[in-house]
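Residue numbers (the working numbering), protein chains in the order written: chain A, 1 to 140; chain B, 1001 to 1140; chain C, 2001 to 2401; chain D, 3001 to 3401.
Among the hints, erroneous ones may be present.
Think about it this way: if two alpha-carbon atoms lie no more than 30 angstroms apart in a straight line, the pair counts; the simulated BS3-like pairs of lysine-lysine are [stated by the list, open to error]:
| no. | chain 1 | residue 1 | chain 2 | residue 2 |
| --- | --- | --- | --- | --- |
| 1 | C | 2365 | C | 2395 |
| 2 | D | 3395 | B | 1125 |
| 3 | A | 101 | C | 2391 |
| 4 | D | 3234 | B | 1125 |
| 5 | A | 115 | C | 2395 |
| 6 | C | 2002 | C | 2286 |
| 7 | C | 2365 | B | 1101 |
| 8 | D | 3365 | B | 1110 |
| 9 | C | 2398 | A | 110 |
| 10 | B | 1110 | D | 3286 |
| 11 | B | 1115 | D | 3018 |
| 12 | B | 1115 | D | 3391 |
| 13 | D | 3286 | D | 3365 |
| 14 | D | 3398 | B | 1125 |
| 15 | A | 101 | A | 125 |
| 16 | B | 1110 | B | 1082 |
| 17 | D | 3286 | B | 1125 |
| 18 | B | 1054 | B | 1115 |
| 19 | C | 2395 | A | 125 |
| 20 | C | 2002 | C | 2018 |
| 21 | A | 115 | A | 101 |
| 22 | C | 2286 | A | 125 |
| 23 | C | 2234 | A | 125 |
| 24 | C | 2018 | C | 2398 |
| 25 | B | 1125 | C | 2234 |
| 26 | A | 115 | A | 82 |
| 27 | B | 1115 | D | 3395 |
| 28 | B | 1054 | B | 1082 |
| 29 | D | 3365 | D | 3395 |
None of these hints come from the bench; they were simulated from the model.
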Amino acid sequence: MSATDDMYQSVIIDHDRSPRNFRHIDAPSHHAEGHNPLCGDNVQVELLVDVDGKIRDIAFQGSGCAISRASASMMTATLKGKTTAEAQELFDGFHALLTGKQVDTLPLGKLVVFKGVGEFPMRVKCATLAWHAMREALGR
Amino acid sequence: MSATDDMYQSVIIDHDRSPRNFRHIDAPSHHAEGHNPLCGDNVQVELLVDVDGKIRDIAFQGSGCAISRASASMMTATLKGKTTAEAQELFDGFHALLTGKQVDTLPLGKLVVFKGVGEFPMRVKCATLAWHAMREALGR
Amino acid sequence: MKDLRAEFPILATLSRGKPLVYLDSAATAQKPQVVIDAISDFYSHGNANIHRGVYQLSERATLAWDAAREQVARFIGAPDVNEVVFVRGTTEAMNLVAHSFLPRAARPASRAPVVLVTEMEHHANIVPWQLAGATTIAIPVTDAGELDLDAAERMLAEGPSLLAVVHVSNTLGTINPIAQLCRMAHAHGVPVVVDGAQAAPHIPVNIAELGCDFYAFSSHKTFGPTGIGALWAKREHLEAMTPYQGGGDMIDLVTFERTTFAEVPRRFEAGTPHIAGAVGFGVALKWIMALDRPAVEAHEMQLMRTASEQLSAVPGLRLVGTAAQKAAVVAFTLDGAHPHDVASMLDGEGVCVRAGHHCTQPLHKRLGLSASVRASFAPFNNHGDVEALVKGMHKVRKVFA
Amino acid sequence: MKDLRAEFPILATLSRGKPLVYLDSAATAQKPQVVIDAISDFYSHGNANIHRGVYQLSERATLAWDAAREQVARFIGAPDVNEVVFVRGTTEAMNLVAHSFLPRAARPASRAPVVLVTEMEHHANIVPWQLAGATTIAIPVTDAGELDLDAAERMLAEGPSLLAVVHVSNTLGTINPIAQLCRMAHAHGVPVVVDGAQAAPHIPVNIAELGCDFYAFSSHKTFGPTGIGALWAKREHLEAMTPYQGGGDMIDLVTFERTTFAEVPRRFEAGTPHIAGAVGFGVALKWIMALDRPAVEAHEMQLMRTASEQLSAVPGLRLVGTAAQKAAVVAFTLDGAHPHDVASMLDGEGVCVRAGHHCTQPLHKRLGLSASVRASFAPFNNHGDVEALVKGMHKVRKVFA
Ligand SMILES: Cc1ncc(COP(=O)(O)O)c(C=O)c1O
Ligand SMILES: Cc1ncc(COP(=O)(O)O)c(C=O)c1O
């Protein structure tokens, strides 16, 4: 077992290979782009948010490494149906998880598979790229 | 006794204080300037050379450190009356003396007091400045 | 060949808990103990500022600095030590030439200069020309990663101001035919700037045989310290060039009205230079010159060939750069796996390779790639290193296939 | 105060066979063992290129590089670490500002810019402006070596593009009232560039209290390695500045048609930087910050005062620079003796001082001198060093009187 096996768990590889919500939204209410010069990753995140602040649809496009693709994919799967406030909370939790802070992992659900990325400072940006774009799209 | 006492022998101090041939020549046949950025030394050497190649007069002007003034002074005192060929030979001998080469010191006469400067690579240029100017003036 | 591993203290360190397999010498070389010691010794026993001090420490530091310049000249076969300018590295060398030489090379002087580069150039040999206001046009690269010399001839005939070309490509490993390119360029009156950053650590360099006008390389890639490098230039060019940076040591006389400048090469070395760096650089070049160079070259070639062969056997792996004349650099991609993921997984095995565009974005675009993985070799690498790389790639393939 | 001598290995060496009395710290500082070790350790266990590597060595080198930048920011009280640009030293910092900031500071933009400097500037704070096409005009210096602030006010009112001023003069030791000058300059809308090369090793620097726009200093004068230094600049200035050198790491996207650039400060750090240098620089600044600074300052002041007093008692000796606010630098001349001869004779006693114009030719001209002798102090100097200097000067006087 090597140090990186923990980063490339099968669920990440699976999301890399078959990313969820990898498409465009016809008339997104919010959208933003992210770019990571290290890996050349770039991601476009689009959202359709209800008047009551519920994320009705969320999708992404772009290219990048497995970590960034899988992260974007799992983010969309997680956030669909959540409120924007919940999205913000998940962002905070996810960010804390990756930067090695003490964190309640329960609300993060499957996202905890990214904990291993925290060991690799140069790759943390890959995992948070789509999340930062999502947050920027929502205007925070 | 310190390492530099050998450089500042009394004859050098004497020539620094009362330089010989520190003047202009009315109608020099040859002249050149030398400049040493390290100490800010600068020297103008003027010569009056006979048709038969004898140095009838030689003088210098300028400002600089004790080593460069004393060297210029003793050079003029030594070369007056010599032929330009002898001047060239003395240049070679003096240069060899200062750069630590094996050298016959006899023809150099009093100039051997500069041997001590050879121990101080940064100051060698001070001692050879007027000599280089003399040689340049004679067109070599 | 003498085993050099013991001379490199870093090889005893672990990476992610595994023995270090360092295959990123093209990014920066590791340092032999003699170089590390030379730097410590300088700071411990010989440190002083140079040029203007008359005391013994300063005298010694000045002599050490001068000796380093002589060592650089010897390394590239330059007859005149004053043709060597100390710079931060290859990048600064190119910027110096772009600032101080390019304007007077422009033909006609009234038009924006055109600098002929190649599709395989490092950004350091593209961006400086652009910043200096030049248009860069590029000699095409074939699919194997070689220069299209017919195109080069046509493009040289159009009269660019300058040809700026890499000696050894940091991505492809290709060794370019510099001597031939110089003859072609000079036939059209075009001066040639050579980026020797990757050549200097791998192949003997002789500027007279190459026939170029400028040659630049970096200490940190030739087993020396960071922050120093050399630009060699023909004396006539240096003499004609305007100063680059201003400050102490590069001047003769300063007034508020008018300032005059020192002789070359000091005119181009403003301020307190990286003295300890030059000393270490000199020691590193001496260390290289003391190697049995044909044996080292043969050893590196063997490692590269073995790696190329065995990597090619990994399903989905494609080599990037298969020129006939190559230095010990092997770049590749793996279908279905992003180069950064490949590098991260190899990292888990202690294998250090580089992933990305290696500062050659235009080359990657030309090859239809967004990035690649690169393994590069040094004299201390051995077959065990190649084995670790190949084994790692089989593992990566299994995960991503 | 803690005796620091044991921390400096060079103090154990002999100079011309005598114990080393190092009084040339203003030219370059000696290095404490922690700095020397940090450099060796980096090359022995942590060496890799930064930014683009994903493997552990590169990751660590990148973190060390980032930490060094944070240390610089902390040292000068900069709130935003991205306002710190790594450069070769003070000289390069000034050239960077001259190239990338001055053109947009020119008022009116159509005329050659005027840079207001002072008569006590180091060449590093004169020549870069001249090379960038500016006219340099100088605030006068009084006979004691202080700035004429009335003249400064008048000259600022004329609307120069920039005020470029030294914090502590390397020749006079004068500590200039930077905060006051910044207020005066800003009242006229003039940005201020401060040369902190001699301030950083002697007095606590806080850029917020100073209120300047740019602050530059060199590692080698602050007990760190050669070849590295820092330019601090207000974020808004950095954001507006054009790139300086081009190459790897300072770009975002490169094509032969058009290139875009990285964020600040990376936009100004082209090529492989002096990584080991930055690491050592950071350790040096940390070492300074860990000193009992008030005690060190008091100690240096005491050495300076004793030296000034006792030297004044040497017949024919004249002090150069007697400002009320002074750092531990004592320059002087001796009637009838050329400064280089003075320095050479002191050298014979193991006493290392500098002779010449100290890269302040205009200042020497203003004071009617062609050169001077300078002794400068560091925290490790002691009263024995002062004694050796004074005794040496009495000997020099006897020879030359
Ligand atoms: C006041 C002052 N400014 C600028 C410089 C230039 O610094 P550096 O040579 O490190 O670039 C120096 C030192 O030489 C100095 O004393
Ligand atoms: C081919 C080539 N040219 C130029 C450079 C730039 O060298 P440096 O970063 O040392 O300035 C490099 C290395 O990065 C290189 O590989």
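* Asked: Any of the earlier hints contradicted here, and which numbers?
  -> Hints 3, 4, 7, 8, 10, 13, 17, 22, 23 not satisfied by this model.
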